[in-house]
Amino acid sequence: KAGVTQTPRYLIKTRGQQVTLSCSPISGHRSVSWYQQTPGQGLQFLFEYFSETQRNKGNFPGRFSGRQFSNSRSEMNVSTLELGDSALYLCASSPLNSGPQETQYFGPGTRLLVL
Amino acid sequence: GNSVTQMEGPVTLSEEAFLTINCTYTATGYPSLFWYVQYPGEGLQLLLKATKADDKGSNKGFEATYRKETTSFHLEKGSVQVSDSAVYFCALAQTSGSRLTFGEGTQLTVNP
Chain A
346 KAGVTQTPRY LIKTRGQQVT LSCSPISGHR SVSWYQQTPG QGLQFLFEYF SETQRNKGNF
406 PGRFSGRQFS NSRSEMNVST LELGDSALYL CASSPLNSGP QETQYFGPGT RLLVL
Chain B
88 GNSVTQMEGP VTLSEEAFLT INCTYTATGY PSLFWYVQYP GEGLQLLLKA TKADDKGSNK
148 GFEATYRKET TSFHLEKGSV QVSDSAVYFC ALAQTSGSRL TFGEGTQLTV NP
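Heads up: the protein sequence lines correspond to chains A and B, in order.
Using the working numbering, you'd call the opening residue of the first sequence number 346 and step up by one each time.
Using the working numbering, you'd call the opening residue of the second sequence number 88 and step up by one each time.
In short, the hints are calculated from the structure, not lab data.
There's no promise every hint is true.
Said to hold, decoys possible - Dumping the calculated DSSO-like pairs for lysine-lysine here, alpha-carbon to alpha-carbon at most 27 Å:
#1 A/Lys346 - B/Lys155
#2 B/Lys143 - B/Lys155
#3 B/Lys164 - B/Lys139
#4 B/Lys155 - B/Lys139
#5 B/Lys139 - A/Lys402
#6 A/Lys402 - A/Lys358
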């Protein structure tokens, strides 16, 4: 099975712009989560989607949003980019809605640089 | 709220040395515990996990035991290799939902 794929892998934007990142989960996986990784804050949870519904949300401003499509693919959007949004954005998928013991499988990430 | 604390890094060892990376957690209920590894330029890979107290997770020579009495999940390996050089993250998942809470990460460098 193909792993979790994320596009694009690298992105450079300027302050004030918006960006959309894409994630394709492992085939058959229905849950998709997004995380932000920075040197200062480490790995922080952004949100989780299951069956096209946001099930969980982390402590990020409303500029960060996401959605999930009927084929489980997910996108996240960041509007009005700030320098502090520069980070590695990781997507993870898991197979079923069976709780915390499930393994989440991570993609390679999208590295976003905001200038 | 939930939190995970890892030993401060970086950690530098010689090949074949014994490795311990400490991890303690604070959580309500009975979380599942995980160790993930991140190689340079890559995403996270699951190394091992344990879903209930006294469970031992193991993979590729690495082991960790879920100790509820000490709220710990320390990672150990008896003999490290240069290829084990990476960043290691301890994480927990809440009983409601699959959101992961991560520790700060520990950079491991193994020298030949």
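Take the C-alpha atoms of B/Lys139 and A/Lys402, compute the straight-line distance between them, and say whether it is at most 27 Å. 25 Å, holds
Does the structure keep B/Lys164 and B/Lys139 at a Cα separation of 27 Å or less? 21 Å, holds
Hey, B/Lys143 versus B/Lys155, does the alpha-carbon distance stay inside 27 Å? Judged against 27 Å, a Cα distance of about 12 Å means the pair holds.
Check whether the Cα positions of A/Lys346 and B/Lys155 lie no farther apart than 27 Å. 35 Å, violated
Taking only the CA atoms, is the gap from A/Lys402 to A/Lys358 under or equal to 27 Å? 25 Å, holds
Does the structure keep B/Lys155 and B/Lys139 at a Cα separation of 27 Å or less? Satisfied, since the Cα-Cα distance of roughly 9 Å is no more than 27 Å.
Of the numbered hints given earlier, the model fails hint 1 alone.
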